[in-house]
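Number of protein chains: 2
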Amino acid sequence: MASELKNDRFIRASLRQAVDVTPVWMMRQAGRYLPEYRETRKRAGSFLNLCKTPELACEVTLQPLKRYPLDAAILFSDILTIPDAMGLGLNLVEEVGPQFDSPVRTAGEIKALSVPDPESDLGYVMNAIRLIRKELDGSVPLIGFAGSPWTLATYMVEGGPSKEFGLVKGLMYDDPESMHHLLGVLADSIILYLNAQIAAGVQAVMIFDTWGGILTTTSFQQFSLHYMQKIVSQLNRQYDGHVIPVILFTKGGGDWVKDIATTGCDAIGVDWTKNIGIVRKEVGDQVALQGNLDPCVLYASPEVIQQEVAAVLESYGRGHGHVFNLGHGIHPQIDPENVAVFINAVHELSGQYHI
Amino acid sequence: MASELKNDRFIRASLRQAVDVTPVWMMRQAGRYLPEYRETRKRAGSFLNLCKTPELACEVTLQPLKRYPLDAAILFSDILTIPDAMGLGLNLVEEVGPQFDSPVRTAGEIKALSVPDPESDLGYVMNAIRLIRKELDGSVPLIGFAGSPWTLATYMVEGGPSKEFGLVKGLMYDDPESMHHLLGVLADSIILYLNAQIAAGVQAVMIFDTWGGILTTTSFQQFSLHYMQKIVSQLNRQYDGHVIPVILFTKGGGDWVKDIATTGCDAIGVDWTKNIGIVRKEVGDQVALQGNLDPCVLYASPEVIQQEVAAVLESYGRGHGHVFNLGHGIHPQIDPENVAVFINAVHELSGQYHI
Chain A
28 MASELKNDRF IRASLRQAVD VTPVWMMRQA GRYLPEYRET RKRAGSFLNL
78 CKTPELACEV TLQPLKRYPL DAAILFSDIL TIPDAMGLGL NLVEEVGPQF
128 DSPVRTAGEI KALSVPDPES DLGYVMNAIR LIRKELDGSV PLIGFAGSPW
178 TLATYMVEGG PSKEFGLVKG LMYDDPESMH HLLGVLADSI ILYLNAQIAA
228 GVQAVMIFDT WGGILTTTSF QQFSLHYMQK IVSQLNRQYD GHVIPVILFT
278 KGGGDWVKDI ATTGCDAIGV DWTKNIGIVR KEVGDQVALQ GNLDPCVLYA
328 SPEVIQQEVA AVLESYGRGH GHVFNLGHGI HPQIDPENVA VFINAVHELS
378 GQYHI
Chain B
28 MASELKNDRF IRASLRQAVD VTPVWMMRQA GRYLPEYRET RKRAGSFLNL
78 CKTPELACEV TLQPLKRYPL DAAILFSDIL TIPDAMGLGL NLVEEVGPQF
128 DSPVRTAGEI KALSVPDPES DLGYVMNAIR LIRKELDGSV PLIGFAGSPW
178 TLATYMVEGG PSKEFGLVKG LMYDDPESMH HLLGVLADSI ILYLNAQIAA
228 GVQAVMIFDT WGGILTTTSF QQFSLHYMQK IVSQLNRQYD GHVIPVILFT
278 KGGGDWVKDI ATTGCDAIGV DWTKNIGIVR KEVGDQVALQ GNLDPCVLYA
328 SPEVIQQEVA AVLESYGRGH GHVFNLGHGI HPQIDPENVA VFINAVHELS
378 GQYHI
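If you're matching them up, the sequences are chains A and B in order.
With this note's numbering as the guide, the letters of the first sequence map in order to residues 28 to 382.
With this note's numbering as the guide, the letters of the second sequence map in order to residues 28 to 382.
Bound-form chain A, shown alone (with noise of 0.2 Å):
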């Protein structure tokens, strides 16, 4: 399985099977961080370019591989394209964020909408991993992903980021058939196009829940988890003869664990507010764990640093199942000369964890 992998740790830790080190990525490891994907976004003239011109996106994707050993790639992209591709007119404003030209708030505006097709509307998606896929030429996995169903609707009604989501959560209380509908449309849509970054070459592919954490337990269960259950279940989880793990990340959703683990994903995201040896506790051997260093960590000192990367690592303790990551994107003000000192330090300290 994932044998023409050069390096399938990712892979392999995802699965529970046996590495020799821990593997690691970051989420947003292309980005801001590092000058020259400054640079290239400079080029791009937007970051909405940026993410539709499949060169540029391959681009930006590798950068983060030359400098680090890595142990996975995701692909160079915004949970957005969904709703873009649904006619909503994304905006994509650094610094301010997403913004929609038309957002979705009436029960008419949502019975409107409809599933965009994976490789005609979101082509430039497909073509980017095609090209991805060549360039890494077999030496780390690459990683697709999409928003969750109740992500994307927090910004498609929303209209842009929020702080307190009257508007979703409203509408939610308010009018929940609606909201059902509106989740149902886009789990389809997530579903084809998770599938079809499969078919065109990711390896793994992830699901942003980022706003699952600001549902009650009851609302979490009924408005994302469900959603998010429904997409595992229809992935095409062996394409070319390899088992393509599914990884959900819900921020905040630490105490749902248990819940997440029931849909059948192999592996959970967890941020750095739960101690992950108390979420493995929970979990058992269902599932693979992701996370989980305070992104914040990364503003200190190389010994700091080791300090905190050695504390996860005996948090997680001995044993398969572990991939390292942080517990959310790294910030765009970090020096890269922390993360090289960060993901040496998750190599070097965790071989004893896995004798």
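Some hints could be false.
The list treats identical chains as one, so a pair stands whether inside a single copy or across any two.
[Stated by the list, open to error] Calculated pairs, SDA-like style, for lysine to any residue (alpha carbon to alpha carbon, straight line, at most 20 Å): (1) Lys278 <-> Ala288; (2) Lys190 <-> Gly58; (3) Lys190 <-> Lys278; (4) Lys278 <-> Gln334; (5) Lys190 <-> Arg59; (6) Lys308 <-> Ala134; (7) Lys308 <-> Thr245; (8) Lys285 <-> His253.
Hint data in this document are derived by calculation from the structure and do not stem from the laboratory.
Following the hints, complete the assembly by docking chain B onto the known chain A.
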């Protein structure tokens, strides 16, 4: 105890004593959702002037009590009065949030801070309290409050609101000694400030740890909880023959309630992301609980509001020690009619749990 109060349900429930129905109040109950508040706010010229003019602060504190049968009043003020009194130059811009002219970011800037004198530097708060107590005339208790040391530190270091908290958490990881010094000065300031509020007439105090939830479990204990514990241990818990309940509220701190209970506080605020019945099982009879309706429920119809209130009451279950509240402040967009539905539902539906 608290015998002069015509309605002492809030005090009794906070101390886990018997009540006829569950008491209820709302965080930010004196606020922008009320047209009469917006009128006074306009007259005040600025939010800060509203805080600093005792007559106006008194006026808005009483406004929600004229509309609704609330079981407590809460002082109208802001958690950032202390850093303002320390000379950081506070500007409170509605919609944008607080901004400091002089953030505190270096060891030297931190060392230069000193503890404000409550009566001379924050006399406007004490004057407002004395005025409000006179106007309340024993109808319901008055709650005083302060931000937690960690939460105040986040604003003081970041200089305003933040999404990623890179500066303050960077300082915490990179120079923990300076961070501890800052938190120590803040804890000392808050102790004096809350004891002065108690002397001026508040009948309960609440500490808002709005940003404790962005920390890891270990950092929460060292950089937030430790200092809240210090404050709790040095407050005048008995004043003028009455017990002064102390409530701690760490937003996103649902996993740490057992630790928070060990501070010796009387009650713990719980946000809406955790089931209050599960939290109750964790803390047992140690403390009362305050919460935890999702503030977004108030966007829905009366039927849904009643249903969700009933669900929270049922989740907490029979017996005492429950103060009903939202899981966070009421949103400015909420219809005041819906608030009436909410408050009445708590009183009408809770009697059966106290028989």
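Here is what the structure says about each hint:
no.: 1; hint: Lys278 <-> Ala288; verdict: within (15 Å within a copy, 26 Å between copies)
no.: 2; hint: Lys190 <-> Gly58; verdict: between (23 Å within a copy, 17 Å between copies)
no.: 3; hint: Lys190 <-> Lys278; verdict: both (15 Å within a copy, 14 Å between copies)
no.: 4; hint: Lys278 <-> Gln334; verdict: neither (24 Å within a copy, 28 Å between copies)
no.: 5; hint: Lys190 <-> Arg59; verdict: between (23 Å within a copy, 16 Å between copies)
no.: 6; hint: Lys308 <-> Ala134; verdict: neither (43 Å within a copy, 40 Å between copies)
no.: 7; hint: Lys308 <-> Thr245; verdict: between (23 Å within a copy, 18 Å between copies)
no.: 8; hint: Lys285 <-> His253; verdict: within (14 Å within a copy, 30 Å between copies)
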